[in-house]
Amino acid sequence: MPAHEDGWVSSFVFLLFCASSLPAWGRAGLLQEQSPQHYFRSLEAGRASLAFFTHPVSPGAQPFLEQIESSAEVLQDYGISVVKVHCPKQDVSRYCGKENVLRKAYLFRGNLLIREFPTDALFDVNSIVSNVLFALLFNEVKYVQTLADLQNTENVLKGRSNMVFAYVPATGTAEHRAVMEAAFVYGTTHQFVLTTEAALLKATGNDDADVSSAWLLFCHCQRATDPAQPCRRTALGQPLTLLNIHRHLKLMGAPLVTEVAEDPEKVSTVHLQLGLPLVFILSQKDTYEADRRTAEFVAWQLLGKAGVALLSRDFVDLNVLHRSNVALKTPEEGAPIQYLVLEDTDEVITLVEDKSKVKQIQEEEEEEEDEDEKENNNQDIQDDQVVEAVSRDKKRELPLEQILVLTEETFHSSLSEASRTVVLFYASWEAVSLAVLRSYSEVADHLKGTPGVLLSRVNCWDWPGICTQENVTQFPTIKIYGKGEQSVTYDGMWGTEELTSFILLSRVSCPLRLATMDEAEGYLRGEFPSELSSYHHTSLLGVFSSATSKVSKAFEEAGNILSGHVRMGMYFEDDAMALSHKYSVSPPALLLARSGARSVEGISLSKQSVQDMVQMIRYELLDIFPEITVQNLPQYLQLTRPFLILFSDGAISQMESKEMLKLAKGRPQQTFVACWLNLKKTPVGYGILRTYFATVPSLPVLVWVNLHAGGQVFKFPSEQSITEVNILSWLERLQAGLEIPSSTLSEEDWKPPLPAYDFLQMMEAAVPELPLHSSHSPGDNPAQHPLQSPGGDPAIREEPSQETAAKKVVSPGRDLRGTALRLAAREKQGKRHSEL
Amino acid sequence: LGLALYAGSLCAVGDATFLYHDYCVLGAGPAGLQAAYFLQQAGRDYVVFERSHAPGSFFALYPRHRKLISINKQYTGKSNSEFNLRHDWNSLLSHDRRLLFRRYSRDFFPAADTMVRYLEDFASLLELRVQYNTAIVHVTLERDGQAWNGHYFLLTDQDRKNYKCSSLLVATGTWVPNVVNFPGSEYVEGYETVSINPEDFAGQTVLILGRGNSAFETAENILGVTNFIHMVSRSRVRLSWATHYVGDLRAINNGLLDTYQLKSLDGLLEGDLEDLAIVKDRKGKLHITLRFYLENRNFSAGIDSITLPQDELDNFATRAPYDRVIRCLGWKFDFSIYNRSLNLMPGKGNIKKYPQIKPSYESKGTRGLFVLGTASHSVDFRKSAGGFIHGFRYTTRAVHRLLENRHHGVPWPSTVSPITQLTNSIIKRVNEASGLYQMFSVLADIILLRENATAFEYLEEYPVGILAELEIQTGRKAPNGLFVIIMEYGRNFSGADKDVFYYNRAVGEAQHAWQSNFLHPVIYYYKHLPTEREMRLRPPEWPLPRPDAIHHIVEDFLTEWTAPNAHILPLRRFLENCLGTDLRSFFAESCFLFAFTRQKLPAFCQQGYVRMQGLLGSEGLRRHAVQAGLLQDYTPTDSSGDRPPDSHDRSQDQLLRDHVIPVRPLQHLVNAKDE
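Same order as they appear, the protein sequences are chains A and B.
So the mapping is simple: the numbering used here equals the position in the first sequence, first residue as 1, plus 405.
So the mapping is simple: the numbering used here equals the position in the second sequence, first residue as 1, plus 90.
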């Protein structure tokens, strides 16, 4: 820091010299002593001089003379000469003749008297310099007394130039001098405004300011456009010295945000030269505009405290974390650049404004964490969202009246009562199955009054026998038992709608044999069978001539597998030919009537294996340009193709929909999944966008994600319109590797979220004489144990065990008196994991 | 078919004719019938030989006072049949719900006759093949390379009928009364024959030799009518509630302890019976003296010449003359019928009443000979329940499974489940499994991990003593590490001299679970199957060698280990850290987010959501998860677009962040509440 300071001080002095047009004569004998005649003769036009007149005997003026002598040097820098004029005896000329001549000094520009000062106003160098400059810079420094004056000045300046507004408690002070000296240099660039009115200080929004100390504001009026609004202001946060004011004005003059495209190590700005840090906002092409706004926002906050630069990562190969979004360069020589991942602008500002404070906070946090670690490392806090949600809901009584409770005694008899019995096998202690039980109760509500369907449940914790017998190996399991049929195990999403639809669909046999042409037609229209008419589902109809029995067999078996998920019918009557003619297919064929679409698609069937048939049907049921939802994503994930997703806030426009559909239809053989995501319906999409781009880009946004290969994310340029042509050419560039990914999906494994209790180590610490290691093969290094805490050495490890021993004394187990205490302690501790 | 099998096949070897069966079971007591049941279920060729005309002949006589001390709990508050077996010490295992002991007796301590009736029913209802009235009097071997074990077992019954078997299951129990021989032991009455009518003891002074349940049971019966009872034995009394061993003195029999300690004349003495001698005086009273006084005596000199201890030590404790001396010293295995070639040797020390067997229950001397039931108790003597019905019903099943694998290529039954079910499988078993509970520290569930820890194979109730031989004994492979689930008491909790009621004996906090004292589940993790050597060199008192990691589920007052935070959560963390993976469950919405933002998915999403089995969850649950800070609600709350883009809610990307940063607002809420 000192090195820099020196550097800029010297440059400042140099600058002052230039500005003040060096005095013609040398610096020797700064205080000139002249006779009146000589003095007035030598006055040059435009040149300022301060003169005072003395008589040979005037002992009383001695202290004043000393001050004026010492100010001569300073004034000389501003091209003002100080002259001591010796009045000859009995001189009665204008200046020498006055009686109180010694009490005054006179300021001339050329031979024009500008101001006469009483010597008591010139009590020291500061007052002399400030008053003299104040008088000389009458135009450059406007003195205001009322708020109206100030506002007028400000309004006049708006859009033209900036204003420096200074409050000094009194004129002639050091601060006043500093302002005047600065005005001397910058007076032509900025309008200086001075006041000594405390009321004005308050009016400029500095209510709690100390009226006895000076105050300087830089008002950015040049950029101000709104006449109604005052100019943006940046206060000088330091004492008013010439140096500080100069620095401040220099900083205000620098560009708000510097755009850089080189290694931050090499970047230098006025801020760094002035000993201030420089903040880099790391940007990417895709987020450039947003980052730029961020940078400007930050820059305004940091104006005068640090510089802000916007660094485009696309041009610079930074060897830092991809997640890093901010870098900080400090003026210290050789200090490394810090790369940080910050959450919001506040953190950037805090980082700069009070680095020490940040450090302190971090330390505190660390300490806190340390304490936690010592105590329990948060291990005992639930971090499983399902378990926690269920246990928070456990006090609520579930509306399960509609669901029959089955026991070992009633299980078999109940199955024979209804034509179709749905059984949920669950365990009353198992969170996932309890979560499903909640959805199941909603299903029961939906299906209330549906004839022939009985909803029931078996708690495997109560009746393990039935569960084993029914081959229930995991919780939860739902099976549907039909009279005289094999039970069907539900294998769909654990959601109310999905389960409801499954139960309803599985009421009808799959595939449904259609007997007449009318039925077949009605089936394709979704009107037959009547119990399904109110549920919209794509209808599949297999049309077979009796000769193709092998294919029809496969179709039937595929139907059994897909039962509940798909609406399947088959037709193999004699007039099957008529049906196939109508839809211009030749049997064996599949007719597909999508819900909502009027047309019927025909596909010829050639697959003979059941698995292929199932696969084919599943594939045919996929939409061409689906709206992707939490529920349907897995179906598309199974294609293991890249995703082209249009994120939209609400429904997508007809235009986009048309273009995307065109694109999707023309896609060569399933190379990617084109879909869209409605953020209104699937708000978790915001989470996806934030992960991709850190912020939510302007919507709609088209994104290409290689989910299954490499995990790169590309963003379709927002300036281009979403048309098939544009997308295709973008995709070509993308395939050719010409586009830079916006981000890459984390490859990280799902590791244990927190360590476990290391009981083995505790046991060893507690019973050291236990020859636990003796059973160990010599090659097995104890350091390989998975539960060993990293870097833990035995000395430290003993601590927790002592602690636990101590704790044990105060944690009574089955003593009920103790239980209350323990509960209380737990409550106090009652924090929850916020993290997954 | 049954008859055909029963008849077996005849085969002639030399002169003798042998009736052949794959399996011969000796004894139709509880263990023999239990073995028969499993053999029958598996469709094996077997026969049970019973010397009596009915099953359970031991129970027809014993206990003499006809009250079983195995509990028969009618109610547990639970309907879980497996769990209820934890508190049913009398039933044998079967699929037939009629054969639950509580259907036979409503008594908490049922009558022995009920057991006899039960065993009769068990044999007949299940149509077990028992050949009654057949006393096997001799067993020998016939070498044959073709035989399963390199030899056949040749059995001869009391009628010189011969039988030939490939495998011999010895379930004869221990029925030979232990006797001691000392001068005057002819005056001693045996437990087997002593009167059980208290009237016969009225006004008598009785000395009982022995300090087991039979001794106390005998004392209990006559306590009210005798002058006083003294009880002598070498070792101190061992109370089962202190040792946690059901073979020690049960509280139901300990009335004499009460009268002894409450100075009601009855008393307990320690002394070696081998040093005793009894002399009868002219009035028929029995005097205790020491063998050593008799050694140089001439008996013909009569009672008067014999030195009694009180002659030298006039306050000798048992100086009072006794009217009766009763021997209650328990039973031992009948070794007499086995040819020396079988090498069936008694154990050493306190297990000399049992034959020597391996932890697989196979005889140390003869391959193919398995000892079942009470006689197999040397494996866990004074530790677990292997000597009792509620223990050996499980070890018998284990032996059967070993045999199925060895001789019939049927591997140990197992279920394979996805790794997401790992925590659940363990929790389910530790909460209901009765075999683990009764045969604590002896039988263990084994979880074999599949490659990459995506699935696991679950084996129930395997004898831990032969863990090293797991692969050959079960036909299952364990190349990727394993968990062993076992139940244990605290290491230093049980013992005859231990105070089991000390203050703070129970641990309540999960983090101190390793100090749990009461029976609780313990899970051992091994990266590799322990070797024989490691098994041999395991620390004393440890059922298993040092694991790579260990977890204790904290003891529970209700033995219900289903608490989400105290039991399940620490277990999950342990499993996660052993496997190096995240085992949490997630709602479909989280999986959806992960699917789009991570290249890898947690197991729960991979095995559920991706396979179209995502957990959508109800709206209420979703809200709870959001409130808990474990699920992010992305529904935009305000539409102001002019905020600086970075200053969105801090908590927004929590799901995706890698490190634990506590949510501040939540914490503040909690803190504020505290204040």
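A couple of the hints might just be wrong.
[As the list claims (entries may be wrong)] Simulated pairs of lysine-lysine, DSS-like, Cα-Cα distance not exceeding 27 angstroms:
#1 A/Lys-799 - A/Lys-710
#2 A/Lys-884 - A/Lys-958
#3 A/Lys-655 - A/Lys-547
#4 B/Lys-370 - B/Lys-454
#5 A/Lys-1156 - B/Lys-617
#6 A/Lys-655 - A/Lys-710
#7 B/Lys-454 - A/Lys-1156
#8 A/Lys-509 - A/Lys-563
#9 B/Lys-588 - B/Lys-567
#10 B/Lys-168 - A/Lys-800
#11 A/Lys-509 - A/Lys-489
#12 B/Lys-438 - B/Lys-422
#13 A/Lys-1085 - A/Lys-1156
#14 A/Lys-1085 - A/Lys-1063
#15 A/Lys-799 - B/Lys-454
#16 A/Lys-1086 - A/Lys-1156
#17 B/Lys-567 - B/Lys-448
#18 A/Lys-1086 - B/Lys-690
#19 A/Lys-1156 - B/Lys-567
#20 B/Lys-690 - A/Lys-884
#21 A/Lys-884 - A/Lys-853
Since the hints were made in silico from the structure, they are not lab data.
Note that the structure is predicted; figures quoted are calculated from it, not measured.
Checked hints:
1. A/Lys-799 - A/Lys-710: 54 angstroms, violated
2. A/Lys-884 - A/Lys-958: Holds - the C-alpha atoms of A/Lys-958 and A/Lys-884 are around 25 angstroms apart, at most 27 angstroms.
3. A/Lys-655 - A/Lys-547: Holds, because 21 angstroms separates the two Cα atoms, which is no more than 27 angstroms.
4. B/Lys-370 - B/Lys-454: 45 angstroms, violated
5. A/Lys-1156 - B/Lys-617: Distance ~18 angstroms between A/Lys-1156 and B/Lys-617 Cα, so the pair holds.
6. A/Lys-655 - A/Lys-710: 12 angstroms, holds
7. B/Lys-454 - A/Lys-1156: Since the Cα atoms of B/Lys-454 and A/Lys-1156 sit roughly 47 angstroms apart, the hinted pair is violated (cutoff 27 angstroms).
8. A/Lys-509 - A/Lys-563: The hint is violated at about 41 angstroms.
9. B/Lys-588 - B/Lys-567: 42 angstroms, violated
10. B/Lys-168 - A/Lys-800: 21 angstroms, holds
11. A/Lys-509 - A/Lys-489: 12 angstroms, holds
12. B/Lys-438 - B/Lys-422: Since the Cα atoms of B/Lys-438 and B/Lys-422 sit roughly 13 angstroms apart, the hinted pair holds (cutoff 27 angstroms).
13. A/Lys-1085 - A/Lys-1156: 32 angstroms, violated
14. A/Lys-1085 - A/Lys-1063: 21 angstroms, holds
15. A/Lys-799 - B/Lys-454: 55 angstroms, violated
16. A/Lys-1086 - A/Lys-1156: 31 angstroms, violated
17. B/Lys-567 - B/Lys-448: 22 angstroms, holds
18. A/Lys-1086 - B/Lys-690: OK: A/Lys-1086 and B/Lys-690 at ~25 angstroms, within 27 angstroms.
19. A/Lys-1156 - B/Lys-567: 26 angstroms, holds
20. B/Lys-690 - A/Lys-884: With a Cα-Cα distance of about 31 angstroms, the restraint between B/Lys-690 and A/Lys-884 is violated, given a limit of 27 angstroms.
21. A/Lys-884 - A/Lys-853: Satisfied, since the Cα-Cα distance of roughly 19 angstroms is no more than 27 angstroms.
Against the hints set out earlier in the document, violations occur for numbers 1, 4, 7, 8, 9, 13, 15, 16, 20.
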